[in-house]
Amino acid sequence: MSAYAALTGAGYRAQVRDKATLFFTFAFPLIFLVVFGLIFSGQDVKQSGRPYISYIAPGVMSWGVANAAVFSVAFTLMQWRRDDLLRLIRMTPTRLPSVLGSRYVLALGVGLVQAVVFVGVALLPPFELDLKSTWPLAIPALIFGITAFLTIGVVIGSLADTPEAVAAIANCLMVPMAFLSGSFMPMDMLPSWLETGSRILPLRYLNDAVSAALSGRGDSGDIVLGCGGLLAFTVIFGAVSLKTFRWSNKA
Amino acid sequence: MPAQPHEASPDTTIVIEEIRKRYGDHDAVAGVSLQVRRGEFFGLLGPNGAGKTTLVEIMEGLREADSGKVTVLGQSPWPRNVALLPRMGVQTQSSAFFVRQTAREHLCTVAALFGVGRKAADGALDAVGLTGQRDVMVENLSGGQRQRLAIASALVHEPELIFLDEPTAALDPQARRDLWEVLRGLKKQGRTIVYTTHHLDEAEALCDRVAILVDGSVAALDSPHNLVARTGAPTRLMIPAGRLSPEAALGIEGVDRVEEQGGSLVLETQVSGQVLTAVDRLTGLADVQTRTATLEDVYLELTGSLTGTGSDGDKNSEHQA
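As they're listed, the protein sequences go chains U and E.
For what it's worth, the working numbering labels the leading residue of the first sequence as 4, then goes sequentially.
For what it's worth, the working numbering labels the leading residue of the second sequence as 68, then goes sequentially.
Misleading hints may appear alongside valid ones.
If you want the ones that stay clear, here's a sample from chain U, every Cβ over 10 Å from chain E, calculated [to be verified]:
1. 92
2. 119
3. 150
Capping the alpha-carbon separation at 35 Å, the derived lysine-lysine pairs in DSBU-like fashion look like this [stated by the list, open to error]:
4. E/186 <-> U/253
5. U/253 <-> E/136
6. U/253 <-> E/254
7. E/136 <-> U/246
8. U/22 <-> E/186
None of these hints come from the bench; they were simulated from the model.
Yeah, the Cβ is synthetic: ideal placement off N, Cα and C, and Gly gets one too.
Chain E on its own, in the form it takes in the complex:
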């Protein structure tokens, strides 16, 4: 785990130091230290049971850590801190609605719980694209609409810090992309977002930094870019077969390995820019594809599910060169 200084600064929204939480003889969180910076989109990744939920609940003030220190927006979230709560927004379960209310009535009630008015509720409905469903009873909303209403419940009071838990889980691809825009908008407004997800593409697209939790500890913490760059997984260039001989390809400086696969000549390299330039000179770049390592490769390598196949092409992201 990368060592970090842990002094709280005005640029830091969350500071957690050596947090431990034990259930029976199982260490749910085994000494986690990390900081979330102000305005940061921070992803918390990890397999089920890695301790993500417990860690987030400790940050939210829903659980007390056995040991360690948590500071959120300069305050301790535990015990229930009503001065801190209006500054935080927590996405609820998609079941947490006041029954037999319309979407708007539910959200107006939540707004009032935070001491803000109906206008805020309308704004939040609009932000998640539910204005058209405002008069639909919460029981009659679709899964995706319920999920968006749960997110709106976290945004209604315009908090500085927002906790989102799998916010796009029940959304179709279009709604998912639409929500990405909502989330990017929140970040642009300067809000800090802590976000747990299993969608690694999403974490890569949205997060400034991610922490990957494994067995209650931080296995990696950095920007998706740095994590991917550090894996050492090669970039694969795929050239239509017949355009370049394997021998000629191996002769290009920077090419580590060459193989023929599925109608392509696959060149593995750590210096893709240099090799692409050389390929451009030799055959041109038409129909040449590149596949780079992704956050998913890093994740699978760290969580141990992909032992020995960390750079498998199927897991790589594909781009037309």
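Next comes chain U alone, as it looks inside the complex:
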């Protein structure tokens, strides 16, 4: 068995054996869907005439998937360094891409299952998301999104030495970004300067691409632009993560 396959297997077992974390990974975005869905049930966004759910469902889903990708890899790297497990891996001939690759495939798996569960619930009453025929295009968008947010998680997991630091840094990043990128609030309701300014945020690109694919708010050009933006963030944070990655907490 290759190092990559073994690490993926160990990561998979660790994930499915931690029932509480597993449950909340999938339930967390759904809670936001329920809260926003019930608050804005049956209402349309004035500025566009589109139902709230067509904004909130893709937005919250994008945020939930991105959040899980950031947190899972950041926590894992921090914990592995704390437990000296990265030092153990460092002393084997296993290369870093195998280590990160195993976390990547796990994050992709979690993200795609999250998306399926989320859309499944969003289609039910009272949310009744109107799923467009372009929905399969959300899959590449999600893959690009998970990749970009995973690299951000690697940076956070390399900078933070404690679980508290991971939570603080990741929350500081992900919660404001959810509001500013249109995940929790329809982008069409935001002032135009913010609409423009939010283009510096990776979640904006994921939101736009997933919204275009699932609820038709935009076209295939928006999906391509979203994926391109996420790819750019992947390159940037990938480069930063290679600089910040540490095998050990010791200087």
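Given the coordinates of chain U, assemble chain E onto it according to the supplied hints.
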């Protein structure tokens, strides 16, 4: 520090020359040179902060020395040398386990990281006596079992060179002795073992040679036997009181000092064999005990914790004659 030639030879596993490592204004390693021979059980002793960990991490390739040269199995361990790593095994911390895995799953994962199969993992579990716990989650293992699993992680790929750090620290006396046998077995297979410990009895029982580090420098390097022999601490013969008068004892050739202590007549000598023969002739050897200097005496003398009491009887090892 004893001067040594430092040319690498096929019989040498590790060669370090004039290694220095400084943290701030503190010299963690202050110019250490030594060689570890192939198949040798090499002990690294010293008080906390003496530089043992830094020196070992430099040998393992986890740290870069500020200056000096390190060659391990003919190669430089720094920067990370993936060609060298499969030939080395490093005992990890007892926390370094993949979470929510059984002992076997953890070890199979480590085996795969080295590119070896599950069979190797089972062999390593067996070698450290954890076959019975193979399906226990790593979180539920006892301290000693975790320690043995950490050692198994270093052995799973059958490396030529093994670094062990306090391997018996959390073990009960029986498990400790069992592990000694495992370690002796590894040596018999021709593997080189570099081993740090605070258990001096263990170092004396297992190591071919030991280096005692003090303040980042090698204060002594030799076999435990030679180090003990060189201390000059006397052997003490303890004869039940009343069997021999102090005057008669002092009359025996080779006896340097005589005193009465705790119901025994204690004879101090540098030539224990000769004195024992004489005592045998005079009173017989029944209930006569000998206490020789140990590695601990040497260690304490060098590390300065036992100034002026280097030959204290309490620190000596006791044998029934």
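Going down the list of hints, with the structure as the test:
1. 92: violated, 6 Å
2. 119: holds, 25 Å
3. 150: The assertion about residue 150 of chain U holds, with a minimum of 24 Å to chain E.
4. E/186 <-> U/253: Cα-Cα ~34 Å, so holds.
5. U/253 <-> E/136: The given pair, whose Cα atoms are some 22 Å apart, holds under the 35 Å limit.
6. U/253 <-> E/254: holds, 31 Å
7. E/136 <-> U/246: Holds, because 27 Å separates the two Cα atoms, which is no more than 35 Å.
8. U/22 <-> E/186: Holds, at about 30 Å.
Hint 1 alone, counting from the list given before, is not met by this structure.
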